[in-house]
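> From just these sequences and the hints, can you work out the full model?
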Amino acid sequence: MRRITAMTTVGLATLALAACNDQAKMDTGAPVAGGASATAQLATATGAPAGRATATEVAGGLRFTVDASGMPSGTHGAHVHMVGRCDPPGFESAGGHWNPTQMKHGTMNPQGPHQGDLPNLVIGNDGRGTIGATIPGATMAGLLDADGAAMVIHAGQDDLKTDPSGNSGARIACGVFQAG
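Quick note, in the UniProt record's numbering, the sequence shown goes up one by one and the last residue is 180.
Think of the hints as simulated: they come from the structure by calculation, not from any bench.
Since the structure is predicted, the reported quantities are computational estimates derived from the model, not experimental observations.
Don't take each hint at face value.
[What the hints assert, rightly or not] Now the in silico label distances, taken between C-beta atoms and shown as ranges:
#	residue 1	residue 2	range
1	D147	P88	24 to 30 angstroms
2	G132	A155	31 to 37 angstroms
3	P72	P31	32 to 38 angstroms
4	T28	P72	32 to 38 angstroms
5	A33	G127	33 to 39 angstroms
6	G70	G35	28 to 34 angstroms
7	V32	G74	32 to 38 angstroms
8	A30	P88	35 to 41 angstroms
9	G156	K104	18 to 24 angstroms
10	T101	P72	29 to 35 angstroms
11	R85	G156	21 to 27 angstroms
12	D126	T28	29 to 35 angstroms
Every residue, glycine too, gets a C-beta built ideally from N, C-alpha and C.
This is the structure in structure tokens:
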């Protein structure tokens with residue numbers, strides 16, 4: 001009986017340590033009670049609705065989610081841009097990628113990524129697609145600074161390495177982040 005008790009105690013201690021290690025790994029990206037959020041309503045150059053992007057404060061950064069609709073099927077670059085303006089038809093008013101840390105473009109670039117670099121958005125034949133990514137170190141104050149920020153969807157796939165924009169082509173949808 002003693003042997004079973006000792007083994008049980010060791011087993012429980014091991015599980016407790018593993019739980020502590022898992023908690024430490026989960027800290028970045030964990031929900032923050034009362035965390036701030038911002039939303040961008042996406043639209044095409046003609047003003048047609050194209051979905052919504054959301055930024056939510058999480059532990060250690062911001063969580064970006066894009067729920068796109070009414071978009072052409074295929075793979076598209078998706079980026080947070082540094083100016084909260086979406087003047088059609090080309091949305092150049094949104095400026096370059098949000099890059100407060102002065103890095104190069106892309107998660108595959110050894111000198112990157114920008115904080116505005118998100119994974120590619122895959123749009124199905126139904127015109128819909130969703131992505132989500134947590135950007136460590138990003139802040140809501142930085143996102144919603146004096147000139148704001150915009151979410152931009154590009155015509156082509158982001159190669160995740162070529163500076164400054166991953167060769168992702170024209171800007172086909174845009175939305176300005178508004179505090180929520």
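> Compare the structure with each hint and give your call.
Here is what the structure says about each hint:
1. D147 / P88: 24 to 30 angstroms: Once the Cβ atoms are compared, 19 angstroms apart, the range 24 to 30 angstroms for P88 and D147 is violated.
2. G132 / A155: 31 to 37 angstroms: violated, 22 angstroms
3. P72 / P31: 32 to 38 angstroms: This hint holds: roughly 33 angstroms between Cβ atoms.
4. T28 / P72: 32 to 38 angstroms: holds, 34 angstroms
5. A33 / G127: 33 to 39 angstroms: For G127 against A33, whose Cβ atoms are near 35 angstroms apart, the range 33 to 39 angstroms holds.
6. G70 / G35: 28 to 34 angstroms: holds, 29 angstroms
7. V32 / G74: 32 to 38 angstroms: holds, 35 angstroms
8. A30 / P88: 35 to 41 angstroms: holds, 38 angstroms
9. G156 / K104: 18 to 24 angstroms: holds, 19 angstroms
10. T101 / P72: 29 to 35 angstroms: holds, 32 angstroms
11. R85 / G156: 21 to 27 angstroms: 22 angstroms Cβ-Cβ, so the 21 to 27 angstroms window holds.
12. D126 / T28: 29 to 35 angstroms: holds, 33 angstroms
Checked against the numbered hints given earlier, the structure breaks hints 1 and 2 and satisfies all the rest.
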